[in-house]
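*Asks:* Keeping their order, the protein sequence lines are chains A, B and C.
First residue of the first sequence: 1, per this note's numbering; consecutive thereafter.
First residue of the second sequence: 1, per this note's numbering; consecutive thereafter.
First residue of the third sequence: 1, per this note's numbering; consecutive thereafter.
Where hints are given, some of them may not hold.
Identical chains share a label here; the pair holds if one copy fits it or two copies do between them.
Claimed, not checked - Once the Cα atoms are required to be at most 30 Å apart in a straight line, the calculated DSS-like pairs of lysine-lysine come out as:
1. LYS221 with LYS125
2. LYS12 with LYS175
3. LYS12 with LYS122
4. LYS151 with LYS100
5. LYS182 with LYS122
6. LYS125 with LYS175
7. LYS207 with LYS77
8. LYS175 with LYS77
9. LYS12 with LYS151
10. LYS175 with LYS207
11. LYS221 with LYS12
12. LYS151 with LYS125
13. LYS182 with LYS100
14. LYS122 with LYS100
15. LYS12 with LYS207
Hints in this document: simulated from the structure, not taken from any laboratory.
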Amino acid sequence: MFEAEIDAGLLKECVEAIVAVVDEGKVRISDEDLNLRAVDPSNVAMVTFQLQRDAFDVYRFSNGDGAELEMGIDFPKLGGILGIGGREQVRLSVDDNVQKLNVQMGSLTYTVNLLDPSSLRKEPKVPELEFPVQVVIDTEEFRRTIRAAEKIGEHILFGVEGDEFYMEVEGEMDKLRLGMRKEQLIHLTPGTLHSLFTLDYISAMSKGMGHVDHITLNLGKNYPLQIEFEIADGKGKVSYLLAPRVE
Amino acid sequence: MFEAEIDAGLLKECVEAIVAVVDEGKVRISDEDLNLRAVDPSNVAMVTFQLQRDAFDVYRFSNGDGAELEMGIDFPKLGGILGIGGREQVRLSVDDNVQKLNVQMGSLTYTVNLLDPSSLRKEPKVPELEFPVQVVIDTEEFRRTIRAAEKIGEHILFGVEGDEFYMEVEGEMDKLRLGMRKEQLIHLTPGTLHSLFTLDYISAMSKGMGHVDHITLNLGKNYPLQIEFEIADGKGKVSYLLAPRVE
Amino acid sequence: MFEAEIDAGLLKECVEAIVAVVDEGKVRISDEDLNLRAVDPSNVAMVTFQLQRDAFDVYRFSNGDGAELEMGIDFPKLGGILGIGGREQVRLSVDDNVQKLNVQMGSLTYTVNLLDPSSLRKEPKVPELEFPVQVVIDTEEFRRTIRAAEKIGEHILFGVEGDEFYMEVEGEMDKLRLGMRKEQLIHLTPGTLHSLFTLDYISAMSKGMGHVDHITLNLGKNYPLQIEFEIADGKGKVSYLLAPRVE
Numbered sequence: 001m002f003e004a005e006i007d008a009g010l011l012k013e014c015v016e017a018i019v020a021v022v023d024e025g026k027v028r029i030s031d032e033d034l035n036l037r038a039v040d041p042s043n044v045a046m047v048t049f050q051l052q053r054d055a056f057d058v059y060r061f062s063n064g065d066g067a068e069l070e071m072g073i074d075f076p077k078l079g080g081i082l083g084i085g086g087r088e089q090v091r092l093s094v095d096d097n098v099q100k101l102n103v104q105m106g107s108l109t110y111t112v113n114l115l116d117p118s119s120l121r122k123e124p125k126v127p128e129l130e131f132p133v134q135v136v137i138d139t140e141e142f143r144r145t146i147r148a149a150e151k152i153g154e155h156i157l158f159g160v161e162g163d164e165f166y167m168e169v170e171g172e173m174d175k176l177r178l179g180m181r182k183e184q185l186i187h188l189t190p191g192t193l194h195s196l197f198t199l200d201y202i203s204a205m206s207k208g209m210g211h212v213d214h215i216t217l218n219l220g221k222n223y224p225l226q227i228e229f230e231i232a233d234g235k236g237k238v239s240y241l242l243a244p245r246v247e
Numbered sequence: 001m002f003e004a005e006i007d008a009g010l011l012k013e014c015v016e017a018i019v020a021v022v023d024e025g026k027v028r029i030s031d032e033d034l035n036l037r038a039v040d041p042s043n044v045a046m047v048t049f050q051l052q053r054d055a056f057d058v059y060r061f062s063n064g065d066g067a068e069l070e071m072g073i074d075f076p077k078l079g080g081i082l083g084i085g086g087r088e089q090v091r092l093s094v095d096d097n098v099q100k101l102n103v104q105m106g107s108l109t110y111t112v113n114l115l116d117p118s119s120l121r122k123e124p125k126v127p128e129l130e131f132p133v134q135v136v137i138d139t140e141e142f143r144r145t146i147r148a149a150e151k152i153g154e155h156i157l158f159g160v161e162g163d164e165f166y167m168e169v170e171g172e173m174d175k176l177r178l179g180m181r182k183e184q185l186i187h188l189t190p191g192t193l194h195s196l197f198t199l200d201y202i203s204a205m206s207k208g209m210g211h212v213d214h215i216t217l218n219l220g221k222n223y224p225l226q227i228e229f230e231i232a233d234g235k236g237k238v239s240y241l242l243a244p245r246v247e
Numbered sequence: 001m002f003e004a005e006i007d008a009g010l011l012k013e014c015v016e017a018i019v020a021v022v023d024e025g026k027v028r029i030s031d032e033d034l035n036l037r038a039v040d041p042s043n044v045a046m047v048t049f050q051l052q053r054d055a056f057d058v059y060r061f062s063n064g065d066g067a068e069l070e071m072g073i074d075f076p077k078l079g080g081i082l083g084i085g086g087r088e089q090v091r092l093s094v095d096d097n098v099q100k101l102n103v104q105m106g107s108l109t110y111t112v113n114l115l116d117p118s119s120l121r122k123e124p125k126v127p128e129l130e131f132p133v134q135v136v137i138d139t140e141e142f143r144r145t146i147r148a149a150e151k152i153g154e155h156i157l158f159g160v161e162g163d164e165f166y167m168e169v170e171g172e173m174d175k176l177r178l179g180m181r182k183e184q185l186i187h188l189t190p191g192t193l194h195s196l197f198t199l200d201y202i203s204a205m206s207k208g209m210g211h212v213d214h215i216t217l218n219l220g221k222n223y224p225l226q227i228e229f230e231i232a233d234g235k236g237k238v239s240y241l242l243a244p245r246v247e
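Chain A on its own, in the form it takes in the complex (with noise of 0.2 Å):
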């Protein structure tokens, strides 16, 4: 049995930081907090995703053997039904054999099934990888950066030259450039190597750090993109994973 209660605000922040990735997953649901691994159709990109349970007003979890619970969630639809009448209360419950989860809000409740967790792709592992440069960055700073590489080209290169942080796309005849200095940043790690990037993967993932002040880039030579944002002050965390371009 799981029964909790959250802004409403929130739980829809949660929802768009996963959409951005996957469409479909399965959360699992501890006494210390639900979370989430999936991974995209394309096997390109990962989202890691924790809500600790002391980010609800009410949680209450309880499963005769200890285990997890899991609910197989088709997240658009869960987000689009929070869109609907602005920030309020919201009361999640799950039957037993979980296969409904109830969503209330106000008056209107919402009853959706629950996909079936075997049907859904498989959690991946997440894989061991150190990132020798950490960069972390102004949300809105990086956002209106990718925004305006949308309008140029389809890749974008994130790379570190001494000092300096820097986003670059290429369209055919024209190139925009983002270069940060270590003291216009909260934090740089100095260092000399660049990755490329599908810019697709990266404008979703743009459009899923909410209100997020800032985020956390870690990044390799030629080497995946991880980037790590908190949640609900500071009670959740969100990391994707995005694999690199061959140049």
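Add chains B and C to chain A, keeping to what the hints say.
*Replies:* Okay, now just chains B and C, sitting in the frame of chain A:
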């Protein structure tokens, strides 16, 4: 001869209330009011509209034989013109042979050929109906439920169960339900009944309610739905009637 | 060598004023100003644009032989980039062989290959015209009339009849007319004349007027229309010229 002046925003609300059901219709002008009765092309929905002469700032009507004037109007066209330029005063005038409508807003004059009333669908008879249950509900609560319902399915159930009024829509995988007890409503006749309706019609009607504060739903058992509301500070009245679906 | 700094919003208004007529064009840079003259692909509309050096916060120009520089620009592309990130300062620079334009906004640098001026349509000669009538009108009044006109028809009549300036558009069933007397206008030369124009061109021009307070219309009898307005607090000037239609 008919000449009148009225707030452009108010006239636009009237047009939107009518457009929710029909695109064309015959407006009757009498000494007391403007009024219209029209049925949609599929014969499923009806609108009855009345705007009293004291909703106008100027209202001059004279017809030799004391009879009403009939204007055949293309409402989306008229509404589109009223939408230009924000709220201001609008001056209407109709020539004696009722062939042209003149709409004047500031320095702008719009002249439109009226439709030949004999070319329009006949005005429906308003059937004699008795509604055992009446529900008065906040318009915004109603409208947001309809908006949410559009994401789920195509038919909506309106019902009363004891002291509760409910609206319910089912999709293939999910279900949405608004349930409101007597004390959450402005008025409720307790009872036990429900009727099913095509959501599209109700969606359109919910967009015709403008800034109206509350609406009245009149219900029966597998019976038509009547939605009533006042406009122009009580100087006008709109009533929608919608045939039920067989379950 | 050309280097300049200017408010991004102001530069965007300039680009929009030009885009109302042409997508590509040759901007000439001189010691005194930036200027352009270009004709649309169908040879029906012309734009003349000038922005004085004192509209810029920084303006450095030097060319060995004292001649002007010519930049071939793709305006929609440049406008799209300036739209990112709201109003702020923008820094332009052009390399010596005029092959690339550099646009710097904060940490963002956009580099675009300039178009080869010899590949662009030839700059038109500005014909010698004499306009018997001049009308100075509030831009918003003009623009909202054009917006309303778009709902009615495809051609628009601009005329003066004694002390009244009018704009008139006819549809199959309806007609829209703006009539303004001398005292409702900022200026009017009385007269008796009119000309007919294709509405599409005027719609585009009305979108190129940005926040401009008032515009000047120069008119003749079955004669081109000239629309003039100032930008950048009078430090810049835009002039549109549009050929009339035969009635």
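*Asks:* Let me make sure I understand: some of the numbered hints might not hold for this structure. Which ones are they, in numerical order?
*Replies:* 5, 6, 11, 12
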